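Asker: Residue numbers (the numbering used here), protein chains in the order written: chain A, 1 to 489; chain B, 1001 to 1411.
Be careful, since some hints might not be right.
[Claimed, not checked] Distance ranges between label pairs, derived from CB positions:
1) B:Asp1203 x A:Arg380: 53 to 59 Å
2) B:His1037 x A:Leu71: 48 to 54 Å
3) A:Thr194 x B:Pro1207: 55 to 61 Å
4) B:Ile1238 x A:Lys301: 24 to 30 Å
5) B:Val1334 x A:Asp287: 31 to 37 Å
6) B:Phe1235 x A:Glu460: 39 to 45 Å
7) A:Leu71 x B:Glu1079: 53 to 59 Å
8) A:Lys301 x B:Lys1091: 23 to 29 Å
9) B:Ile1238 x A:Asp278: 23 to 29 Å
10) A:Thr251 x B:Glu1233: 35 to 41 Å
Treat the hints as calculated values from the structure; they're not laboratory data.
Nothing here was measured: the structure is a model prediction, and the numbers come from that model.
For glycine and all other residues, C-beta sits at the position ideal for the given N, C-alpha and C.
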Amino acid sequence: MPSYDVIIIGGGVIGSAIARELTRYRLSVGVLEKESDVCTQTSGRNTGMLHAGFLYKTGSLKAQCAVEGNLEFDAVAKELDVPFKRTGKLIVGFTEEHRERLLTMIERGKANGVPGMELIDRKRMDEIDPSAGGNFAIYCPTSGILDPFLYTIALAENAVQNGAAYHLYTKVTGHEVLADGTHLLHTDGKGDFTCRWVINSAGLHSAEISEMLGIPGYKIQPVKGEYFVLDKKAGVYAKIPVYPAPTPKNTFDTHATPTVDGNVLVGPNSFNVDDGEDYSVRQVGMDGLQESGARMFKHMKRDYYIRTFAGARPKRVDPETGEIQDFLIERRDEVPGVINLVGIESPGLTSALPIARRVVKLLEEKESLTPNPSFNPVRRGIRRFHGLSAEEQAELIRENPDYGEIVCRCETVTRAEIIAAIHNPLGVCTVNGIKVRTRASMGRCQGGYCETRITALIREELGKAVPDVRLGSGDSYMFTGYVREGEQA
Amino acid sequence: MIKRQAVIVGGGPAGLAAALRMKENGIDDILILEREHLPGGILRQCIHDGFGLTRFEESLSGPEYAQRFIDRANEAGIECWTDCTVLDVSKDKVVTAVSKVHGFLQISAQAVLLTMGCRERTRGALATPGTRPSGVYTAGVAQAYINLQNIMVGKEVVILGSGDIGLIMARRLTLEGAHVKGVYEVQPYPNGLPRNIEQCLNDYHIPLHLSHTVIEIRGRERLSSVVVAACDEHFRPIPGTEEEIPCDTLILSVGLIPENELTLGAGIELDPRTRGAFVDENCQTAVPGIFAAGNVLHVHDLVDFVSLEAEALADSAARYLKEGGLTPCPLTVVAGSDVGHVIPQKVSGTKDFTLWLRVRRPLNGVSVVVRQGGRELLRKKMRKALPAEMIQLSIKAQKLTQDADVEVSVE
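One chain only, chain B, in its complex shape (with noise of 0.2 Å):
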């Protein structure tokens, strides 16, 4: 069996800004194990601008943005096995890949960092009604086709969601000549950043369709029609406000899951909320030396963000590494009202933080407030608050205390 220092999961844009950190930190014997031909993740089909807008203050694509922490871990020699495949991940940090180069591995680690990123929900798990032609496509399917295989999917197309990558995808079907004749929303409000909205949306006169759905798919062989009908707030179609949309593809934008098949197979349990790990601040799951960051711990809404996540995660793995050992943290985070997640889920009480959260709908005018034990610790006022925006607030250690749980919530 090979043995390892640390094995990350994932050479996408989290384990690439988790392995330059370890690195940075001393730690050598570092091996990332990725699935595709190359490194960069999803960043590789992302071709739009607008990454690195925080980190760079630049505004890249996303394979410039993931090209800059490539040519970086080539500077630094850090090792990445590509066309490799984590299949097992066990408590005791054995880790399991195939590949056709390396055959069958068991590689001992004595870290192991979860980036695997996030996977699409599909059609099936919706149970959209109706039948099941070709022509139905995730808008991550969708994208990797035209963007990475020069393959058009269709010319009348109809987008249920408003999550980016949908958003994303309206606006290049529109500019390589398909007719996108709608975004279908089942919220009151969109999934998506305002910002993808204005010039997804907007800038090509795209309508968007709130509290509305696809509540049927026709066509034998290829998609033929979808019927949409408005909502009302318990996401029920109201009836009498069908109607039919003749289109040859519909694409879904419809949430995004942590890719967690690995995480639970190591025995970890997933918060419901988030569909990530239960982590502490140091990134650390409930098994000692197995991390996670990015969007396997929770949906992110910038790459900017899951990079920072990711090196928060090499800071604590590598003193994990070093120390052999990370303070225990028996404070639990608790998400109060309006609050859809926060990450992480447990503190120590003796050390800065990051508090990563959602709101659970748009609010107005209202102020994101922490706790302990009824003291105010922080009180954010925020103007606008949207469930497509990911909150970060920094808590200090010299305002913890290590007696009571710590508290979130909007007021």
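Pulled out of the complex, with its shape left as it was, chain A reads as follows (with noise of 0.2 Å):
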């Protein structure tokens, strides 16, 4: 039966970046994640920003968290390797109930310690991005954007890399404590596991496991959102996030954001579901989109639309009167060996490291921890070729002429990437998987020139056989067998 020191419920960015956090001390780590990839879901499934802190209650864990994660993520980035850009955000105006809203959120932000805010004209705007809506805005320096995707993959195999065990399709079922007080964990069809502590950050499920650890009482409520992704054509014109200014309750409507590799997300907009991992997008909230992502971004139009998503932030709200609350990272005597995470959701991606480093203290109140001398915080992703100079491209086909071999056409991804993404250290095998590592299908194609190729290659590297072959999470099996038996090709 595989034994940690300490084992985390769920491998998203929270997971990850407390699994990294805690390979800094002699503790072996394990991971239970029970979808096919780090960032199927909450983490993967968000706009990428890097938030500033400005937008939550003053002295919050929300405004604390995003303004000391806000800060260190420069180094951070260039610690683990993956794209960021520091490009501040727009937070725009059109009436004079606008104007007080975003005058008392400039104040809420520098008593949150947020640096730099100011209101600016559209004199200002146009000098910024004039493909922004609005008459007025607010600008906000320290604002980012990332790869949500790649981070959380950091993460997590910069956790490995110090000896972090990750265990994929692996879904927590049952819990109980044994008599000395050794945690054992059930799962769907993994068998058992065991630890001397158990971390819930099982995201849109962290109720049900804080109350199958033992903490009954909270509700999580998932708010769906839906986006659109445009065509690096419309990403031309976005070169800073543009959000409107904030409705009475406090929340942003939809917004134009540019992504790091140059596409724009227009989303999300904002509903409460029952079900949080129904990821499907309705007519609807399309329609919506498109009008009110529009009133953001001058350029939002059909002819750019390449791809539509969706998430779930999971709010953790007031039972009884469903009011939205802070999140939560707690330890109780009473439950002994238990770190509980609930409700970690938006601004979760810009937090993870500061909840991670909360996490690890709430473990050294009851243990002392010796540093690991090995950890290294460095991570390396794989080599990009597109974006490259001419003398760098040349010079990486001569060292592995797979980097010639262009397999993904529209995001310019070379064979050699994608064998790389296959080898991964989580061991992860999708077809999504290697769309995330490398962004090999995601361009507008949408993978009409190079799935064929990518899904050819996993079966050569991995020695999948036809019907194995999956796009993403549990059964999504892409084949159903040989055309003819017997006569593979």
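Got two chains here, each in a separate frame; can you build the complex from them with the hints?
Answerer: This is how it looks when you write it as structure tokens:
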């Protein structure tokens, strides 16, 4: 039976940040993730914003963690080799009422420790981004954009590099505490695990897991949002994330955000759902995004659509009033060996490492931790061909001729990158896993050219039979078999 | 930097035909760059017959049709580098490409022939509501799996769109034991050729539902069903007509888009009607010495015409290379009423040229009329004109003047 000092339930950006921070110490760390990869749910289904921290109540964990996470991110991105741009952000207004709300927001930002926020006029806006809608705006220089897939993957890979173990397709179904205080976790088909510490970072399922571990009474309200991904041809017009003035309830409507790769995300809308893992998009939702998106981004049009997606924020709400609550990070003496995180939603991506450090602190209250002398915080990602200079590209092909074979034409992804992704340290073997690691099939033809090549490489490199190739999570089989048995192409 | 007289981007039917004709015109220094492992382009996966009826007066499969050109190109000693992807074509005709064998290449060409073909419109571009499970394929991707990799994509199939590849795949999947439940087309008329409706659907009793579309995709892991509905004349679903159809596979055949990323990179403007470059009667783009023909210029109905157009391009490109330039083409060809698009968009008024066009909607008992400055140059009566079928008209130089634009309309 696999046994660890610490088991983390949920390998999203929070679980992976915790795993990475725990490997700084002499602890064995296991991560149980029910999906096929670390970024298939909330961690991968968002805008990819590095938030500045002005939206949240002063003194809240959300405010503290966002500001802390924001200010350190240049160093983090460098250490983990993940794409990141400190673009700044515009929060635009049209009416006097909006102006009032924006001024309140600047005050709150100051109180939270967000540097450099200012109210600017249309003339300044035009200098920053003429595509932005609105008559005036807050300019917040510290906001940024990152690749949420690669950031989550980088944290997980760095954790693995430093000794953590990931168990994918491993859903925790039950929990017992043995006589000696050891935690025993049952899983769906992957056997039992034991550990001294259990950390709940189960996102959408954090209230259920909390109850399973002996802390009932929390409620998660999944709040869903739908998005459009626009072509890089639209991306040339989007220089900076543009958000509308907040609603009277202090939330944001549809915004337009450039991605680190040069696409544009338009969304999300926001509505409560019962099932946070229903990622379907609705016609009415997309019609709404087209309309509200065009107010934020003047180039929002049908010709630029390349994909839609949806995500859900696991908001912790008061079970009685439904009021949205702060992040919860707790350890209770009466429930030994459990650290419980509930309602980690936006700004979770920005807050992941600050949250992880708080988890380590809670653990340290109960036992002294010995530093891991071989811990290496530096992780290197797959070397990308796209975006390099002609000389660098020529050199890469000389070093490894696989860099000379373009597999994904739209995103200029080479065979060398695909093969490196297929042999990723987490053992992810789905088509979507290759996609988020390399960008292959994320372009305008959406795999029309490269998908047949990627599935062939997965079969060749991993020795997988045709019916075993999966698109993403669960039984998302791609093929039913050979056309003619015995005549394998 | 390597120097070449002519670089051809893409070794499909257009590129091969252009190369051969250039050679016949006395241009010897030709290099074809092909990203696939073998030349032939999309024809390699089109194992059905019906190719070559016009050109060779016999019915060939796609690979057979391509092989005739490949064999001749080999005999003629035309150089074709395969597994070689072009990354960029610059305004001054420097072609950047990479390959495992040749490494990072920069080739300075006197003429560049763009023959990259087209790609398929995707589910993302349609923004079809629902989930994003496995089992949703464009028709060409399904065709590549089945015909090139011997891999079966599914068992219970719904097809959205009645483009030719979708129709061909309806038959192909049926022949390989899948159950094709129906083809749904949002337009009130089919998008594919009448012969494919007959031979691929009717012969196999596969129902075609016009004015219908898929309004939702269901299934979290693998596709489990689609919801279809009837549509009104604005393509909006009619409430109350929804029907859920269980299936594990959805094939999309919802349009082809000329693959013009390289063209745009060279600073060449695209015609929003064709989604290909604006070209003159010589298939020359706005950049002198850069030419385009075949599906990269406008999506054709038959490969025979792709070859023909590419040969016309080659004649012009050869003349360009020999004479150092071509006659300016100041006259605009205007697409008038009910004309979807025209090629070329510019002419000189001093040379015979072929006008290619598609009608915007199915029409009966009409005439295609070509006028210059109000003067009728040509009138072609048609019992039936379909958007699926391209119309070709030969315009004689002696009828043209050099003082007014040319207008094509359907009356």
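Asker: All hints, please: hold or fail.
Answerer: Consistency of the hints with the structure:
no.: 1; hint: B:Asp1203 x A:Arg380: 53 to 59 Å; verdict: holds, 57 Å
no.: 2; hint: B:His1037 x A:Leu71: 48 to 54 Å; verdict: holds, 50 Å
no.: 3; hint: A:Thr194 x B:Pro1207: 55 to 61 Å; verdict: holds, 58 Å
no.: 4; hint: B:Ile1238 x A:Lys301: 24 to 30 Å; verdict: holds, 26 Å
no.: 5; hint: B:Val1334 x A:Asp287: 31 to 37 Å; verdict: holds, 35 Å
no.: 6; hint: B:Phe1235 x A:Glu460: 39 to 45 Å; verdict: holds, 43 Å
no.: 7; hint: A:Leu71 x B:Glu1079: 53 to 59 Å; verdict: holds, 57 Å
no.: 8; hint: A:Lys301 x B:Lys1091: 23 to 29 Å; verdict: holds, 27 Å
no.: 9; hint: B:Ile1238 x A:Asp278: 23 to 29 Å; verdict: holds, 26 Å
no.: 10; hint: A:Thr251 x B:Glu1233: 35 to 41 Å; verdict: holds, 39 Å
Consistency with the previously given hints is maintained throughout, with no hint failing.
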